[in-house]
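J.: Sequence:
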Amino acid sequence: CEALERLVTLHLTNPCTDCPNETCDCRADLAGRLVLCVGGRKPLVEQYRHLVARCNGRFDHHDGGLEDSHHRLEAMLAAADAVVCATDYVSHTAYYRTKRFCKRLDKPHVLLGNSGLSAFALALERVAS
Numbered sequence: 001c002e003a004l005e006r007l008v009t010l011h012l013t014n015p016c017t018d019c020p021n022e023t024c025d026c027r028a029d030l031a032g033r034l035v036l037c038v039g040g041r042k043p044l045v046e047q048y049r050h051l052v053a054r055c056n057g058r059f060d061h062h063d064g065g066l067e068d069s070h071h072r073l074e075a076m077l078a079a080a081d082a083v084v085c086a087t088d089y090v091s092h093t094a095y096y097r098t099k100r101f102c103k104r105l106d107k108p109h110v111l112l113g114n115s116g117l118s119a120f121a122l123a124l125e126r127v128a129s
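Be aware that the sequence shown starts at 1, since it is given in this note's numbering, and climbs by one per residue.
To be clear, the hints were calculated from the coordinates, so they are not data collected in a lab.
Just so you know, even glycine gets a beta-carbon here, dropped at the ideal spot from N, CA and C.
Some hints here could point you the wrong way.
[Unchecked claim] Okay, the calculated beta carbon distance ranges per label pair:
(1) Ala31 / Glu67: 29 to 35 angstroms
(2) Leu105 / Glu46: 26 to 32 angstroms
(3) Glu46 / Ser129: 22 to 28 angstroms
(4) His70 / Glu2: 31 to 37 angstroms
(5) His71 / His50: 26 to 32 angstroms
(6) Ser91 / Glu2: 16 to 22 angstroms
(7) Lys42 / His92: 17 to 23 angstroms
(8) His70 / Pro43: 20 to 26 angstroms
(9) Arg104 / Ser69: 18 to 24 angstroms
(10) Lys42 / Ser129: 24 to 30 angstroms
Could you build all of it, start to finish, from the sequences and the hints given here?
T.: Shown next as structure tokens:
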């Protein structure tokens with residue numbers, strides 16, 4: 001909740017839509033890195049994308065095997081700089097593939113217990129540090 005509150009507070013007090021993010025000390029800075037979200041609630045994907053953009057990052061999404069191919073997941077994992085996996089809305093196959101891939105390649109990753117926005121915001125802070 002605190003991570004999401006920091007982002008919301010920043011947005012309400014400093015609506016810096018033209019901010020290049022490099023000078024903003026109040027938010028996690030992803031420094032242009034590509035964050036892949038595996039799973040998560042489909043209605044929240046655009047909000048995840050917006051949070052990543054506000055943290056100076058790029059966003060990609062794989063639905064965790066519901067509609068997207070598992071074969072596509074490997075290529076997306078390889079291209080990502082960091083991975084966030086929402087374990088409550090993902091297939092078992094995609095979860096285990098993601099976990100093994102990230103550990104094997106020592107890729108920064110966060111496994112979320114739920115796919116809410118506050119959990120995602122906290123994951124972005126962890127990935128950025």
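J.: Of all the hints given earlier, name the ones this structure violates by number, lowest first.
T.: 6
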